[in-house]
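Novice: Sequence:
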Amino acid sequence: MEVQRRSSSISSERRRMKEVQSGDRVTLKKEIGLLSACTIIIGNIIGSGIFISPKGVLEHSGSVGLALVVWVLGGCIAGLGSMCYAELGVTIPKSGGDYSYVTEIFGGLMGFLLLWSAVVIMYPTTLAVIALTFSNYVLQPVFPNCVPPYMATRMLSATCLLLLTWVNCSSVRMATRIQDVFTVGKLMALGLIIVVGLVQIFNGNYEGLTPQVAFSMDRAPSVGQIALAFLQASFAFSGWNFLNYVTEEVVEPRRNLPRAIFISIPLVTFVYTLTNIAYFSSMSPEELLSSNAVAVTFGEKLLGMFSVIIPISVALSTFGGINGYLFTSSRLCFSGAREGHLPSLLAMIHYRKRTPNPGLVVFPQCTATIVILCIGETHNLINYVSFINYLSYGVTIAGLLFYRWKKPDLYRPIKVNLLVPVGYLMFWALLLAFSLYSEPVVCGVGLVIMLTGVPVYFLGVHWREKPKCIYSFIEKATYLGQRLCFVVFPQIDPVEVANPPGWTDHSPSTGTFSGRS
Numbered sequence: 001m002e003v004q005r006r007s008s009s010i011s012s013e014r015r016r017m018k019e020v021q022s023g024d025r026v027t028l029k030k031e032i033g034l035l036s037a038c039t040i041i042i043g044n045i046i047g048s049g050i051f052i053s054p055k056g057v058l059e060h061s062g063s064v065g066l067a068l069v070v071w072v073l074g075g076c077i078a079g080l081g082s083m084c085y086a087e088l089g090v091t092i093p094k095s096g097g098d099y100s101y102v103t104e105i106f107g108g109l110m111g112f113l114l115l116w117s118a119v120v121i122m123y124p125t126t127l128a129v130i131a132l133t134f135s136n137y138v139l140q141p142v143f144p145n146c147v148p149p150y151m152a153t154r155m156l157s158a159t160c161l162l163l164l165t166w167v168n169c170s171s172v173r174m175a176t177r178i179q180d181v182f183t184v185g186k187l188m189a190l191g192l193i194i195v196v197g198l199v200q201i202f203n204g205n206y207e208g209l210t211p212q213v214a215f216s217m218d219r220a221p222s223v224g225q226i227a228l229a230f231l232q233a234s235f236a237f238s239g240w241n242f243l244n245y246v247t248e249e250v251v252e253p254r255r256n257l258p259r260a261i262f263i264s265i266p267l268v269t270f271v272y273t274l275t276n277i278a279y280f281s282s283m284s285p286e287e288l289l290s291s292n293a294v295a296v297t298f299g300e301k302l303l304g305m306f307s308v309i310i311p312i313s314v315a316l317s318t319f320g321g322i323n324g325y326l327f328t329s330s331r332l333c334f335s336g337a338r339e340g341h342l343p344s345l346l347a348m349i350h351y352r353k354r355t356p357n358p359g360l361v362v363f364p365q366c367t368a369t370i371v372i373l374c375i376g377e378t379h380n381l382i383n384y385v386s387f388i389n390y391l392s393y394g395v396t397i398a399g400l401l402f403y404r405w406k407k408p409d410l411y412r413p414i415k416v417n418l419l420v421p422v423g424y425l426m427f428w429a430l431l432l433a434f435s436l437y438s439e440p441v442v443c444g445v446g447l448v449i450m451l452t453g454v455p456v457y458f459l460g461v462h463w464r465e466k467p468k469c470i471y472s473f474i475e476k477a478t479y480l481g482q483r484l485c486f487v488v489f490p491q492i493d494p495v496e497v498a499n500p501p502g503w504t505d506h507s508p509s510t511g512t513f514s515g516r517s
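Numbering (the working numbering), first residue to last: 1 to 517.
The set of hints was computed from the structure by calculation and includes no laboratory data. Do not rely on the hints blindly, as some may be mistaken.
Said to hold, decoys possible - 30 Å max Cα-Cα, derived DSSO-like pairs, lysine-lysine:
1. Lys301 x Lys55
2. Lys466 x Lys476
3. Lys476 x Lys353
Stated by the list, open to error - Label-pair ranges, simulated between beta-carbon atoms:
4. Pro467 x Gly33: 46 to 52 Å
5. Met426 x Leu198: 33 to 39 Å
6. Thr159 x Arg352: 23 to 29 Å
7. Val195 x Leu401: 40 to 46 Å
8. Ile309 x Arg404: 46 to 52 Å
We put the beta carbon where it would ideally sit given N, CA and C, even for glycine.
Model the full assembly from the supplied sequences, consistent with the hints where possible.
Specialist: The following block contains the structure:
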């Protein structure tokens, strides 16, 4: 009887899906207002970075004072980048962020390389780092005197990813509400750390923050080490561009996208700086460098029996960070498939829930789970991700300058001063050059991974005249995926996403991945 009911339910779902395909319009829901837009940015930035990057920033910078300078400048650089992305987001009103902009400006190959590096390493590795931080902080109270077991952390991380993938597949509204709630929760957690730190300062415990002590160091760090300190800080700030990945789901994007950016980035920079001041007011540099969980060490030192609040708060913070990354990464896969650069199944949405379920399940989730089960140390992973992140940021902002030259008369609701992208690119070039000099293996591996996308692009996208058996296999696999996931291609509302004058799409309309028309 249970099997019959299940079979009947599936048949009913398929009949309703056919009715939708033949009649009603199915589009992505515009459910992201200004508040949700701010929480997406803040929630994606504040994940695990502020709880694990302070150690790396201090280690490479060599002193407390220089570490604080790196944190403040890191926020300023993120602010410059976000201003450039605000212009791109309202000029090219498409979801997909960096990938969509680079594809439109430089063409299919450059866009595909950014998409390839994001799908293969950036998103899976970042998800893995955040999920491992979540499991470490959850298990810390259970194993107070030792490191949590290897398999326990991996299983808990995978369970967390699976749960949040199900939430994002079920409802856009539920996913954004979780983001709203956990963003407030993580700000409260950081607020607790800041308040405790300020109490310490007001009680006179600020010797380590005085200029004479803060800038004292055994040896002056090299320029390359400072560059690596910025890479560590940039990991904590990564996510400032994520609202651009869901532009088509933002209510009034030309108004709310720049507002959300200009509210969120200064707030996060302020919170991060005060959090690090709180850490340094209560912990010596040696204590911070020897800690595997900085916030937990901070709590144990100052909160006594209430120190359990800290790991719980950090776990909630990272839980919300995972949700934000899953929400935005699936939209990147959706955008890539829509342009013909990924299998067309990933460009489909659930006919009733209107969520990009294939994009959620296939790439970020599965790859991240594999990474979680294989990796050990997270700090090298952060260097990999930060280098590729900065590389993609620079290419995208260079595209802004090229697009201004290419289409000077194109309507731009927001147009930043030319010094903003130029200043960002100067810093970007210096940072990447010195990072490559200091960590040639880490940065070189990142570049190699990105360049492996070149043959994939020419074989999978550029080469059109392939054997019929390949197209037949793709069509059958896509059809099977549709039946299993109850997904259809979304219809574009010509009124809501009408392209501005002069806006064109240079990417190929059909690639091998999308099947044969």
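Novice: None of the hints should be skipped; say for each whether it holds.
Specialist: Here is what the structure says about each hint:
1. In summary, the hint linking Lys301 to Lys55 is supported, as the alpha carbons are separated by about 17 Å, within the 30 Å threshold.
2. For the proposed pair Lys466 and Lys476, the alpha carbon gap of about 16 Å is at most 30 Å, so the pair holds.
3. Note on Lys476 and Lys353: the hinted pairing holds, with a Cα-Cα distance of about 24 Å set against a maximum of 30 Å.
4. The given range of 46 to 52 Å is respected by Pro467 and Gly33, whose C-beta atoms sit roughly 49 Å from each other.
5. About 36 Å separates the C-beta atoms of Met426 and Leu198, a value consistent with the hinted range of 33 to 39 Å.
6. Taken as a hint, the range 23 to 29 Å holds for the pair Thr159 and Arg352, whose Cβ atoms sit roughly 27 Å apart.
7. Here the CB-CB span from Val195 to Leu401 is close to 43 Å, well matched to the stated 40 to 46 Å.
8. In this structure the hint that Ile309 and Arg404 lie 46 to 52 Å apart at CB holds, the actual value being about 50 Å.
The earlier numbered hints are all upheld by this structure, with none contradicted.
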